[in-house]
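Student: So the chains spell out like this:
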Amino acid sequence: MSDMQVIKEAVIGGNAAKVKENTEKAVAEGVDVGIILNDGLIAGMNVIGVRFKNNEIYVPEVLIAARAMHAGMAVIKPLIANSGVREKGVVVLGTVKGDLHDIGKNLVGMMLEGAGYRVIDIGVDNAPDKFLKAVQEHNPQIVGMSALLTTTMSHMKATIEHLGAYRDSVKVMIGGAPVTQKFADEIGADAYAPDAATAVEKANQLVAS
Amino acid sequence: MRLPAGTERTETGGLDEMYTARERVLAALNHSQADRVPLALGGSWYGVTDNLYFNVLKKVGLEPSVPPFRPKLSHTVNYYDDRLLSALDVDIRHIWLGFSENGAPPSGGGTDNWGIEWVETEGYRGAKSHPLANATIDDLDKYNWPGMEGLDRGQIRARIQEIRRSGEYAIAGRAVNSYGLFELCCLLRGHEQFNVDLLIEPDFARALVEKVADVFYRLTDCYLDAAGQDIDILELPGDDYADNRGLMISPQLFREFFAPHWQRLIALIKSRSPEIKVVFHSDGAISALLEDLIAIGVDVVHPLEPLPVTDQAAVKQAVQGRLVILGGVDIKEALSGSRDAIAVEVRQRLANLAQGGGYIFAPSNHLQHDIPPENLITLYREASELGRYPLTF
Numbered sequence: 001m002s003d004m005q006v007i008k009e010a011v012i013g014g015n016a017a018k019v020k021e022n023t024e025k026a027v028a029e030g031v032d033v034g035i036i037l038n039d040g041l042i043a044g045m046n047v048i049g050v051r052f053k054n055n056e057i058y059v060p061e062v063l064i065a066a067r068a069m070h071a072g073m074a075v076i077k078p079l080i081a082n083s084g085v086r087e088k089g090v091v092v093l094g095t096v097k098g099d100l101h102d103i104g105k106n107l108v109g110m111m112l113e114g115a116g117y118r119v120i121d122i123g124v125d126n127a128p129d130k131f132l133k134a135v136q137e138h139n140p141q142i143v144g145m146s147a148l149l150t151t152t153m154s155h156m157k158a159t160i161e162h163l164g165a166y167r168d169s170v171k172v173m174i175g176g177a178p179v180t181q182k183f184a185d186e187i188g189a190d191a192y193a194p195d196a197a198t199a200v201e202k203a204n205q206l207v208a209s
Numbered sequence: 210m211r212l213p214a215g216t217e218r219t220e221t222g223g224l225d226e227m228y229t230a231r232e233r234v235l236a237a238l239n240h241s242q243a244d245r246v247p248l249a250l251g252g253s254w255y256g257v258t259d260n261l262y263f264n265v266l267k268k269v270g271l272e273p274s275v276p277p278f279r280p281k282l283s284h285t286v287n288y289y290d291d292r293l294l295s296a297l298d299v300d301i302r303h304i305w306l307g308f309s310e311n312g313a314p315p316s317g318g319g320t321d322n323w324g325i326e327w328v329e330t331e332g333y334r335g336a337k338s339h340p341l342a343n344a345t346i347d348d349l350d351k352y353n354w355p356g357m358e359g360l361d362r363g364q365i366r367a368r369i370q371e372i373r374r375s376g377e378y379a380i381a382g383r384a385v386n387s388y389g390l391f392e393l394c395c396l397l398r399g400h401e402q403f404n405v406d407l408l409i410e411p412d413f414a415r416a417l418v419e420k421v422a423d424v425f426y427r428l429t430d431c432y433l434d435a436a437g438q439d440i441d442i443l444e445l446p447g448d449d450y451a452d453n454r455g456l457m458i459s460p461q462l463f464r465e466f467f468a469p470h471w472q473r474l475i476a477l478i479k480s481r482s483p484e485i486k487v488v489f490h491s492d493g494a495i496s497a498l499l500e501d502l503i504a505i506g507v508d509v510v511h512p513l514e515p516l517p518v519t520d521q522a523a524v525k526q527a528v529q530g531r532l533v534i535l536g537g538v539d540i541k542e543a544l545s546g547s548r549d550a551i552a553v554e555v556r557q558r559l560a561n562l563a564q565g566g567g568y569i570f571a572p573s574n575h576l577q578h579d580i581p582p583e584n585l586i587t588l589y590r591e592a593s594e595l596g597r598y599p600l601t602f
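Residue numbers (our numbering), protein chains in the order written: chain W, 1 to 209; chain S, 210 to 602.
Hints are computed from structural coordinates only; laboratory data are not their basis.
It cannot be assumed that every hint is accurate.
Think about it this way: if two alpha-carbon atoms lie no more than 30 Å apart in a straight line, the pair counts; the simulated DSSO-like pairs of lysine-lysine are [stated by the list, open to error]:
#1 W/LYS157 <-> W/LYS182
#2 W/LYS18 <-> W/LYS53
#3 W/LYS53 <-> S/LYS351
#4 S/LYS479 <-> S/LYS420
#5 W/LYS130 <-> S/LYS541
#6 W/LYS77 <-> W/LYS88
#7 W/LYS157 <-> W/LYS130
#8 S/LYS267 <-> W/LYS133
#9 W/LYS157 <-> W/LYS77
#10 S/LYS337 <-> S/LYS420
#11 S/LYS267 <-> S/LYS281
#12 S/LYS351 <-> S/LYS268
#13 W/LYS88 <-> W/LYS182
#14 W/LYS157 <-> S/LYS351
#15 S/LYS541 <-> W/LYS157
#16 W/LYS88 <-> W/LYS20
#17 S/LYS337 <-> S/LYS351
#18 W/LYS88 <-> W/LYS157
#19 S/LYS351 <-> W/LYS130
#20 W/LYS130 <-> W/LYS88
#21 S/LYS541 <-> W/LYS182
Turn these sequences into a full structure, and let the hints steer you where they fit.
Tutor: Below you can see the structure in the form of structure tokens.
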């Protein structure tokens, strides 16, 4: 198995110590940071995303894989800035006003990071203005909003409206248990993702469009 | 407890026969059909949130409200009103233990009887901290697990007498705790960490689940002491193992960590009162766990949510005669719609789930305040009308 294959398999298996060790080894051997990132860490998370979507693995397996990926990221992060490696895009992610449920949002964040995005997680219970401020500060390509309750869902529409002129440059993706494609269409969101793996596919489509 | 007269005569579901509400429910619990599908509301996961409750009371002229059964107004659902249930032709009446109700954090936030700290926003609560986030196995022994003090047997007996005086209803015990094994461990430990524990620290996870299950066991024992001979149905603490697309943990992890403790709890209930039917709740697309639930002794499952990935009719057929379905009614879209939309929803659920009995009509989750009050009334009227056996659609 090649070094990158070892890292990839260790990410898939959720073995953080092995990912860290082999990433350090690869760096010491002078392997290009972009290769470690794309062929090792992200490649592993891609497999996780597919298996998760197909119900072959579940949330705990995704979480340990994400932790393993982070162990490798921590090693190469200081080197990325000077490496010429570009992130795939920036995503601002949060739950809407009144909604404290962040499990789904966190999973989406992990999957997006695993796919090479920089994720700005603004946490839970975000009024429209908090999303706007995060957009102004971080200049993302995508804003991701999540809601678990039928009663807090309505804040998604208010948030989209509040983004105002920024809507020209920012795509909005929404998700959460009560959210549907129909609702997304009604409030003028650009994409609806029913689960964390699909969120990555939708994000890829949004940044490509 | 005896099977009431009438349930054996239900094969044809003759409209002329008179059934009490309890007989109607027992028929469904025994996989048969009475004069109509029994209706449920006000259970652990299918109640009416406060604002909707107040709106409906106004609509049906029943103001003022009853006192809250959750004295600290600690939940989105704090009222249990027999008058409203009567107005809606609901066939079940609930009792509650008082553990979660009295041990909850005060309105606005605070610490509950498990030591979990809560914050409140717009009436909904979220956990602010996880008391066992950094715990080791040894810490679990030292943790201040909730005791049984403060449980009031007299109050439970009084509530049973109140129900008995009001009519012949099936009596259901609401869950002893607001959260089940998996969810409570997530709250105590932190959601992400507990999920990781299941794979990386299995000994810790096993020990934590056991500690929580032990408390449930003692609570259930107390409950049965007070009401075991009077209740027809007991709701287990609700535990979400699935989301909209499928299970959140593998069936193997469910079998290894959780099923044995649920089984232990159900065995306790059946050993004390064999006639009690046990209800298990999980949100989401839970179909892949139903055979496991049947195997550990679950009698009734709530809610079998109407999700794109769940073929309710096929699931019903697969478990017919072995597992009763409670719930199934969409609360996301249909109930905000027109009278016709509600009738379509009711017809759809009945067609999927009610054929041949073994079905109790109820919402898939608490009815939220975004539902117009007249729609709640319409929902139960339609169910009462359209649910007459034999079904004609």
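Student: With reference to the structure, classify each hint as holding or not holding.
Tutor: Right, here's what the structure says about each hint:
For the suggested pair W/LYS157 and W/LYS182, the alpha carbons sit about 13 Å apart, so the restraint of at most 30 Å is met. Straight-line distance between C-alpha atoms of W/LYS18 and W/LYS53 comes to about 25 Å, which keeps the hinted pair within the 30 Å bound. For the proposed pair W/LYS53 and S/LYS351, the alpha carbon gap of about 40 Å is over 30 Å, so the pair is violated. Between the alpha carbons of S/LYS479 and S/LYS420 the distance comes to roughly 22 Å, so the proposed pair stays at or under 30 Å and holds.
This hinted pair checks out: W/LYS130 and S/LYS541 have alpha carbons roughly 27 Å apart, not beyond 30 Å. Taking the CA atoms of W/LYS77 and W/LYS88, the gap is near 15 Å; set against the 30 Å cutoff, the hint holds. At most 30 Å may separate the alpha-carbon atoms for a hinted pair to count; W/LYS157 and W/LYS130 meet this at roughly 14 Å. A C-alpha spacing of about 42 Å is found between S/LYS267 and W/LYS133, which places the hinted pair above 30 Å, so the restraint is violated.
Taking the CA atoms of W/LYS157 and W/LYS77, the gap is about 36 Å. The hint is violated against a cut of 30 Å. Using a Cα cut-off of 30 Å, the hinted pair S/LYS337 and S/LYS420 holds, with the two alpha carbons roughly 22 Å apart. Between S/LYS267 and S/LYS281, the direct Cα distance comes to roughly 23 Å. Compliance with the 30 Å bound is thereby established for this hinted pair. Restraint check: the Cα-Cα separation between S/LYS351 and S/LYS268 comes to about 52 Å, which exceeds 30 Å; the hinted pair is violated.
Straight-line distance between C-alpha atoms of W/LYS88 and W/LYS182 comes to about 28 Å, which keeps the hinted pair within the 30 Å bound. For the hint pairing W/LYS157 with S/LYS351, the CA-to-CA distance comes to about 48 Å; that exceeds 30 Å, so the pair is violated. Between the alpha carbons of S/LYS541 and W/LYS157 the distance comes to roughly 17 Å, so the proposed pair stays at or under 30 Å and holds. Proposed proximity of W/LYS88 and W/LYS20 is supported: the alpha carbons are some 23 Å apart, at most 30 Å.
Restraint check: the Cα-Cα separation between S/LYS337 and S/LYS351 comes to about 22 Å, which is no more than 30 Å; the hinted pair holds. As the CA atoms of W/LYS88 and W/LYS157 are separated by approximately 27 Å, the hinted pair is consistent with the 30 Å bound. About 41 Å separates the Cα atoms of S/LYS351 and W/LYS130, which puts this hinted pair outside 30 Å; it is violated. Between W/LYS130 and W/LYS88 the alpha-carbon distance is near 24 Å, which keeps this suggested pair within the 30 Å criterion.
Among the hinted pairs, S/LYS541 with W/LYS182 is consistent with the structure: their alpha-carbon atoms are about 12 Å apart, no more than 30 Å.
In the structure shown, a violation is registered for the earlier hints numbered 3, 8, 9, 12, 14, 19, in ascending order.
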